[in-house]
Amino acid sequence: MTSLALTRDRIARVRPGPALAALLIAAFLLLFLVVPVVQVIFVAFQDKTTGAFTLVNFADFFRNDLFMRSFGNSVYVSAMSVVVASLLALPLAYLTTRFEFRGAVLIQSLGIIPLIMPPFIGAVAMQLLFGRNGSVNLLLRDHFGFSIPFMEGLNGVIFVQSIHYFPFILINLSASLKNIDRAMEESAQNLGCHGFRLFRRIVFPLAMPGYVAGASLVFIKVFDDLGTPLLLNVNDMLAPQAYLRISSIGIADPMGYVISVVLIACSLLALWVSALAMRGKDYATVQRGGGGLARRRMKPLELVAAYAVVLLILVLVLAPHIGLGLLSFATIWSFSPLPDAFTLKHYHTVFTESGQYITNTLLYASLAALLDVVIGTAIAYLVLRTKLPGRQWLDYVAMAALAVPGVVLGIGYLRSFYGVPMPFSGQPLSNFWLILVFALAIRRLPYALRACTAALQQVSSSLEEAAENLGATKLRTVGRIVVPLMSGGILAGFVTSFATAAVELSATIMLVHSQSDAPLAYGLYVYMQSAAGRGPGAALGIFAVIIVGLGTYLSHVVIERGRRERGQDH
Amino acid sequence: MLRTTRTLRNAAAALAVLLLSGATAFAQDASGKLVIVTSFPKDLTTAFQQAFQKAHPQVTVEILNRNTNAGVKYLQETASNNGVDLFWASAPDAFEVLKSAKLLQPYKPKVEGIPEKVGAYPVNDPEGMYSGFAASGYGIMWNTRYMKANDLPAPKEWADLTKPAYYDHVAISAPSRSGTTHLTIETILQGEGWEKGWRTNKEMAGNYRTITERSFGVPDGVNSGAFGVGIVIDFFALSSQASGFPVEFVYPTVTTIVPANIGVVKNAPNKAAAETFVDFLLSPKGQEVLLEPAIRRLPVNPATYEKAPAGYPNPFKDKSLGAQVNFDVEVSQARYNVVDALFDQLITFQLDDLKAATKAIQQGEAALAKKPNDKAKALLAEARDLVAAMPVTAEQAADPQLAGAFTVERKSAKDAVPERQAQVEQKWAAFAKENYAAARKKADEAMALVR
Numbered sequence: 001m002t003s004l005a006l007t008r009d010r011i012a013r014v015r016p017g018p019a020l021a022a023l024l025i026a027a028f029l030l031l032f033l034v035v036p037v038v039q040v041i042f043v044a045f046q047d048k049t050t051g052a053f054t055l056v057n058f059a060d061f062f063r064n065d066l067f068m069r070s071f072g073n074s075v076y077v078s079a080m081s082v083v084v085a086s087l088l089a090l091p092l093a094y095l096t097t098r099f100e101f102r103g104a105v106l107i108q109s110l111g112i113i114p115l116i117m118p119p120f121i122g123a124v125a126m127q128l129l130f131g132r133n134g135s136v137n138l139l140l141r142d143h144f145g146f147s148i149p150f151m152e153g154l155n156g157v158i159f160v161q162s163i164h165y166f167p168f169i170l171i172n173l174s175a176s177l178k179n180i181d182r183a184m185e186e187s188a189q190n191l192g193c194h195g196f197r198l199f200r201r202i203v204f205p206l207a208m209p210g211y212v213a214g215a216s217l218v219f220i221k222v223f224d225d226l227g228t229p230l231l232l233n234v235n236d237m238l239a240p241q242a243y244l245r246i247s248s249i250g251i252a253d254p255m256g257y258v259i260s261v262v263l264i265a266c267s268l269l270a271l272w273v274s275a276l277a278m279r280g281k282d283y284a285t286v287q288r289g290g291g292g293l294a295r296r297r298m299k300p301l302e303l304v305a306a307y308a309v310v311l312l313i314l315v316l317v318l319a320p321h322i323g324l325g326l327l328s329f330a331t332i333w334s335f336s337p338l339p340d341a342f343t344l345k346h347y348h349t350v351f352t353e354s355g356q357y358i359t360n361t362l363l364y365a366s367l368a369a370l371l372d373v374v375i376g377t378a379i380a381y382l383v384l385r386t387k388l389p390g391r392q393w394l395d396y397v398a399m400a401a402l403a404v405p406g407v408v409l410g411i412g413y414l415r416s417f418y419g420v421p422m423p424f425s426g427q428p429l430s431n432f433w434l435i436l437v438f439a440l441a442i443r444r445l446p447y448a449l450r451a452c453t454a455a456l457q458q459v460s461s462s463l464e465e466a467a468e469n470l471g472a473t474k475l476r477t478v479g480r481i482v483v484p485l486m487s488g489g490i491l492a493g494f495v496t497s498f499a500t501a502a503v504e505l506s507a508t509i510m511l512v513h514s515q516s517d518a519p520l521a522y523g524l525y526v527y528m529q530s531a532a533g534r535g536p537g538a539a540l541g542i543f544a545v546i547i548v549g550l551g552t553y554l555s556h557v558v559i560e561r562g563r564r565e566r567g568q569d570h
Numbered sequence: 001m002l003r004t005t006r007t008l009r010n011a012a013a014a015l016a017v018l019l020l021s022g023a024t025a026f027a028q029d030a031s032g033k034l035v036i037v038t039s040f041p042k043d044l045t046t047a048f049q050q051a052f053q054k055a056h057p058q059v060t061v062e063i064l065n066r067n068t069n070a071g072v073k074y075l076q077e078t079a080s081n082n083g084v085d086l087f088w089a090s091a092p093d094a095f096e097v098l099k100s101a102k103l104l105q106p107y108k109p110k111v112e113g114i115p116e117k118v119g120a121y122p123v124n125d126p127e128g129m130y131s132g133f134a135a136s137g138y139g140i141m142w143n144t145r146y147m148k149a150n151d152l153p154a155p156k157e158w159a160d161l162t163k164p165a166y167y168d169h170v171a172i173s174a175p176s177r178s179g180t181t182h183l184t185i186e187t188i189l190q191g192e193g194w195e196k197g198w199r200t201n202k203e204m205a206g207n208y209r210t211i212t213e214r215s216f217g218v219p220d221g222v223n224s225g226a227f228g229v230g231i232v233i234d235f236f237a238l239s240s241q242a243s244g245f246p247v248e249f250v251y252p253t254v255t256t257i258v259p260a261n262i263g264v265v266k267n268a269p270n271k272a273a274a275e276t277f278v279d280f281l282l283s284p285k286g287q288e289v290l291l292e293p294a295i296r297r298l299p300v301n302p303a304t305y306e307k308a309p310a311g312y313p314n315p316f317k318d319k320s321l322g323a324q325v326n327f328d329v330e331v332s333q334a335r336y337n338v339v340d341a342l343f344d345q346l347i348t349f350q351l352d353d354l355k356a357a358t359k360a361i362q363q364g365e366a367a368l369a370k371k372p373n374d375k376a377k378a379l380l381a382e383a384r385d386l387v388a389a390m391p392v393t394a395e396q397a398a399d400p401q402l403a404g405a406f407t408v409e410r411k412s413a414k415d416a417v418p419e420r421q422a423q424v425e426q427k428w429a430a431f432a433k434e435n436y437a438a439a440r441k442k443a444d445e446a447m448a449l450v451r
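Chains as they are written, first to last, in UniProt numbering: chain A, 1 to 570; chain B, 1 to 451.
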C-alpha cells in the first residue's frame with residue numbers, strides 16, 4: 001500500500017514538459033544509437049555455428065593472451081595520457097584564468113587546436129618531427145650522437161594522445177575556473193590563505209567538476225581511440241584489435257564485437273567511477289555578481305616565467321600542426337630535418353579541387369554540434385534538476401556512444417537505414433546526408449553532454465527557485481536563468497563537438513555515398529592514399545585547422561563580450 | 001525561452017527546405033550517372049575520370065573512394081538496393097569474394113588485342129565477372145638517403161632482406177589488412193614452398209621495423225624516411241619516384257605480376273555506362289593514362305608500351321618478370337584466411353618476441369664467424385629451426401575443417417563443429433611465443449660459448 005502511494009506520488013511529481021523532452025531524447029538515442037549498434041554487436045553473444053545465445057566468446061576473450069595484453073596496454077596508455085594531459089592543461093588553464101594575462105583568449109583558442117588533428121596527417125607530421133628519423137632526432141644524432149624514442153611503441157601513443165586530447169581538460173577546467181565565485185577566494189584570502197595553498201585547498205577543489213569531466217573524457221577517449229595507435233602501428237591495444245577484427249576478418253566475426261562490448265563496459269565503468277568521485281559534493285555557487293576568479297597582476301619575474309611555461313607548452317602541443325604547416329608548403333620532405341624546398345602549389349590544388357569538402361564539413365559539423373548542445377543541455381537538466389525515473393539512463397546511454405567504434409556505428413546505420421526508402425526520391429535513407437549529421441552528432445554527443453553537465457553542476461538551484469518564486473514559469477526559468485548561466489559550458493561543448501566532428505572519419509567513411517556530399521575528412525583520406533597527395537592533403541588539413549580555430553576564437557570573443565555586457569567582468 | 005522556440009521553428013523550416021532540395025537533387029542526376037566504388041588513389045581515379053568524361057561528356061562519373069575491404073563490405077551491405085555500377089580495385093581476391101557472393105555480373109569487353117595472360121596470371125576472370133585493366137608486381141622499395149645514412153646496400157631478392165644488416169630497417173603491411181601484401185606472402189609461399197616460404201617470411205620479419213595497418217603506410221614511411229626499406233606493390237614505388245621522392249624499386253625473381261581489375265556490379269543502375277567505362281579503360285586512350293607519372297601502372301595492352309618512357313618495366317617483353325612462379329589461384333583461395341591469421345598470430349602480434357629472438361641469433365652468428373665452435377653452430381641452427389617452425393602443415397592449412405573456423409556459414413547440425421577462431425589463434429600465438437623464447441635461449445647459450 002505504501003509503495004503504491006509512493007509510486008503515485010512519484011508520478012504526480014513528474015511534469016509533462018520534462019517528460020516529453022526525455023521521451024524525445026530517448027527516442028532519438030534509441031533510433032540513432034541503440035538500434036544500429038545492437039544490430040551489429042548482438043553477434044558477440046551468438047554462437048557462430050548455431051546462432052544460439054552464448055557467453056563462450058567472452059570466455060575466449062579472457063583466455064586469449066593477446067587480448068589480455070591489449071587490455072593491459074590500453075589501461076596503461078589511457079592512465080598515463082590523463083597524467084601527461086593534466087600536466088599540459090593545468091598551467092595553461094590556471095595562468096590564463098587566474099592572472100592578468102595578455103593574449104589569454106588567444107592562448108585558450110590555440111589550446112583547442114590540438115583537438116583538430118586531422119586523421120592520418122597528424123601522425124605523419126608527428127613522425128616527421130619526432131619519429132626515429134624525424135627532424136628532432138636527426139638533429140640530435142648529427143650534433144650529439146643520441147636520439148630520444150618519443151614515438152616508440154606505447155610511448156608514442158601516450159605522447160600523441162595527451163597532446164591530442166589535453167584540450168578536453170583545458171576547456172572544461174577553464175570553464176570551471178571562470179565560474180568559481182570570487183567571494184570564495186576572497187574569503188579564503190581574508191582568512192590568510194595564499195599562493196599554492198589557496199589553489200590547492202580552494203580553487204582547484206571548486207574547479208573539480210570541470211577537471212573530472214575533462215579527465216574522464218580523456219581517459220575514455222584514449223581508451224577507445226583507434227586512429228592514433230593504428231597510425232603509429234601499435235596494434236596490441238583494445239580498440240585497434242576490435243577494428244582490425246571487424247574490418248579484416250569480417251562483419252560476422254564475434255571477437256571484434258566482444259571487444260566492442262568490453263570497450264563500452266569499461267567506458268561506462270570509468271564514467272561511473274568519476275560520478276562516484278563527484279557524489280555528495282556540492283559545487284554550485286549562488287552569487288553571480290563576481291563572475292569568476294579575481295585576476296591578479298603578476299610580478300615581472302613571475303610574468304617572464306609564466307610566459308616561458310605557456311610558450312613551451314604551446315610549442316609542444318602545436319608541434320603536429322607546425323609539422324603539418326611545413327608539410328603543406330613542402331616539395332619533398334624525406335629523411336631531412338626540413339623539407340628540400342617550399343611551394344604554394346598544394347594550396348592551389350586544394351582550392352581548385354576541394355571547395356565542396358569544406359562547405360560540407362562546415363554544414364555537417366555545425367548542425368551536429370548544435371544538436372549536441374541542445375540534447376546535452378536537456379539531458380544535463382533532466383538528470384540534475386528533475387526526478388524523472390530512469391533519467392540517469394539517458395546520460396549513460398548517450399555517454400556509451402563514446403565507446404562505440406565508428407565502424408560499428410557506420411555499419412549499424414547501413415543495416416538500419418539502407419532498407420528504408422526516402423520519401424519523394426526512393427533513395428535509401430542511409431544515403432541522405434542528414435544521416436551523416438546524426439552519426440556525427442551521436443559520436444560527439446558525449447563531449448557536449450559532459451561540458452553541459454559540468455556547467456549545470458555549478459549553477460545553484462536556488463537561483464531557479466528564486467526565479468520561480470518571482471512567478472517565472474519553468475520554461476522561462478530555464479531559458480532566461482539556467483541556459484545563460486551555463487553559456488560558458490555550452491559553448492565549450494559546442495566547440496569540442498564541432499571541432500572533433502569536423503575531422504571525424506571512421507563512421508563517415510562507411511556512410512559517404514557520393515563525393516558531392518563528402519566532408520573534409522573523407523577528402524583527406526582520399527589525398528593521403530597516394531605519394532603525390534601528401535602535400536595537398538596537408539594543405540586541406542591546414543584549412544580544417546584554420547576553419548575550426550577561427551570558429552573557436554570567434555565564439556570566445558562573442559562569449560567574452562556577452563560577459564562584459566552583463567557586467568560580469570570588470 | 002521564446003527565443004529558443006523561434007530558433008527551433010526556424011531550424012525546422014530550414015530542415016524542411018533542405019529535405020526537399022535534397023530530394024530534388026537526387027531526382028535530377030539519376031540519369032547518366034555512373035557510380036564507381038574504388039580503392040585506387042585520387043591521382044589514378046581523377047585522371048581516368050577526366051579522360052573518360054572528355055570522351056563521353058553525357059555521362060557523369062561519381063567516384064566513391066574506400067579501401068578494398070570497406071568497399072566489399074559496402075557492396076554487401078547495400079546489395080538489397082544497389083546504387084553502384086562498377087567495382088574497381090587491385091586485389092583479385094576481393095573480386096573473388098564478390099563473385100562468390102554473386103554481387104557481380106559478367107561482361108566481355110569489346111576491345112581487341114589484350115593477351116590471355118600477363119606473366120603467369122590470367123588477365124581476365126574465366127567466367128567474365130571481372131576484367132584486368134593494368135598489371136602490378138610486388139617488390140622492394142627503398143629510400144636512397146636513408147640507405148646512405150645507414151650505410152646499407154641496395155637489396156635485390158627477398159632473401160637479402162633476411163640479412164642482419166637490415167635489422168630494424170624493413171617494413172611491410174599486414175596481409176590481413178592489405179590484399180596486395182597477402183599476394184606477396186602467398187607468392188613467396190608458392191614460389192619457395194610452404195615450409196621454406198614461411199622460413200623466408202619469418203626471417204625477413206625478424207628484421208621488420210614495423211607492420212603497418214594500411215598498404216599505403218609502407219611507401220609513405222619509406223618516402224618520409226621513417227624506415228629505409230619497404231615491401232610494396234610496384235606503382236606505389238614508381239609513383240613516389242615520379243613525385244620526386246628519393247626512392248628506388250626492384251622486382252625480386254620470385255614475384256607475381258597480377259592484374260588490377262574492374263567488374264560490373266549486379267543490378268547496376270546504369271549498366272550501359274558501366275560497360276562503356278570498362279571498354280574505355282582497355283582502349284588505347286585509356287591504357288595510355290596508366291603511363292602518367294603519378295599513376296605508373298603496367299598496361300595490359302602490349303601495344304601501349306611503345307609510348308612508355310625508357311626503362312618502363314614490360315612484363316610482355318621481359319619474360320623473367322613474374323614468370324618464375326606459376327601462381328595457383330585455387331591454392332591461394334583455399335587457405336586465404338588461414339595464411340592471414342597465421343601471419344598475424346605468428347608475426348604481427350608477436351613481433352617484439354620474434355625480433356628479440358632474431359637479434360640474439362644474428363649476434364650469435366656474427367660472433368660464431370669470428371670464433372668457430374661446433375656446439376654453438378648446432379645451437380644456432382636449432383634456434384633458427386625453432387623460429388621457422390609452423391604450427392600447421394600445408395595440407396592442414398588447406399583443410400576445409402580448419403578453414404571452417406574462419407568462415408561464417410552456418411553449418412547443418414550434422415557437420416562437425418569446427419574450433420572457434422579465437423581458440424585456434426590462441427593456440428598458434430602460444431606456439432609462437434614459446435618457440436621464440438626457446439630460440440632466444442638457445443641463441444644466448446651459443447653466444448656464451450663463442451664470446
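Everything labelled a hint here was simulated from the structure, so no lab data went into it. For every residue, glycine included, the Cβ atom is placed at its ideal position computed from N, Cα and C. Mixed in with the good hints there might be a few duds.
As the list claims (entries may be wrong) - Stretches of chain A that chain B covers, calculated by requiring three or more beta carbons in the stretch to come under 8 Å of a beta carbon on chain B:
hint, stretch
1, 54-65
2, 225-236
3, 330-337
4, 391-399
Said to hold, decoys possible - Pair ranges (Cβ atoms, derived):
hint, chain 1, residue 1, chain 2, residue 2, range
5, A, 19, B, 56, 33 to 43 Å
6, A, 55, B, 56, 55 to 65 Å
7, A, 55, B, 302, 56 to 66 Å
8, A, 345, B, 32, 28 to 38 Å
9, A, 143, B, 47, 20 to 30 Å
10, A, 145, B, 248, 27 to 37 Å
11, A, 91, B, 385, 53 to 63 Å
12, B, 100, A, 16, 48 to 58 Å
So, going through the hints one by one against the coordinates:
1. A stretch counts as covered by a chain when three or more of its residues have a beta carbon under 8 Å from one of that chain; for the stretch 54-65 of chain A and chain B the count is 7, and the coverage holds.
2. Check on the stretch 225-236 of chain A: 5 of its residues sit with their Cβ under 8 Å from a Cβ of chain B, so the three-residue criterion for coverage holds.
3. Coverage of a stretch by a chain is defined here by at least three residues with a beta carbon nearer than 8 Å to that chain's beta carbons; for the stretch 330-337 of chain A and chain B the count is 6, and the condition holds.
4. Three residues within the 8 Å Cβ limit are the bar, and the stretch 391-399 of chain A against chain B gives 0, so the coverage statement is violated.
5. For the hinted restraint 33 to 43 Å between residue 19 (chain A) and residue 56 (chain B), the CB-CB distance of approximately 59 Å leaves it violated.
6. Between residue 55 (chain A) and residue 56 (chain B) the beta carbon distance is about 57 Å. The supplied range of 55 to 65 Å therefore holds.
7. For the pair residue 55 (chain A) and residue 302 (chain B), the supplied restraint of 56 to 66 Å holds, since their beta-carbon distance comes to about 59 Å.
8. Range check, residue 345 (chain A) to residue 32 (chain B): Cβ separation about 33 Å, and the 28 to 38 Å hint holds.
9. Hint check: residue 143 (chain A) to residue 47 (chain B), Cβ distance near 44 Å, so the stated range 20 to 30 Å is violated.
10. Take residue 145 (chain A) and residue 248 (chain B): their Cβ atoms lie about 28 Å apart, and the range 27 to 37 Å holds.
11. Between residue 91 (chain A) and residue 385 (chain B) the C-beta distance comes to about 57 Å, which sits within the given range of 53 to 63 Å.
12. The supplied range of 48 to 58 Å is met by residue 100 (chain B) and residue 16 (chain A), whose beta-carbon atoms lie about 56 Å from each other.
Hint compliance for this structure: hints 4, 5 and 9 are broken, all remaining hints hold.
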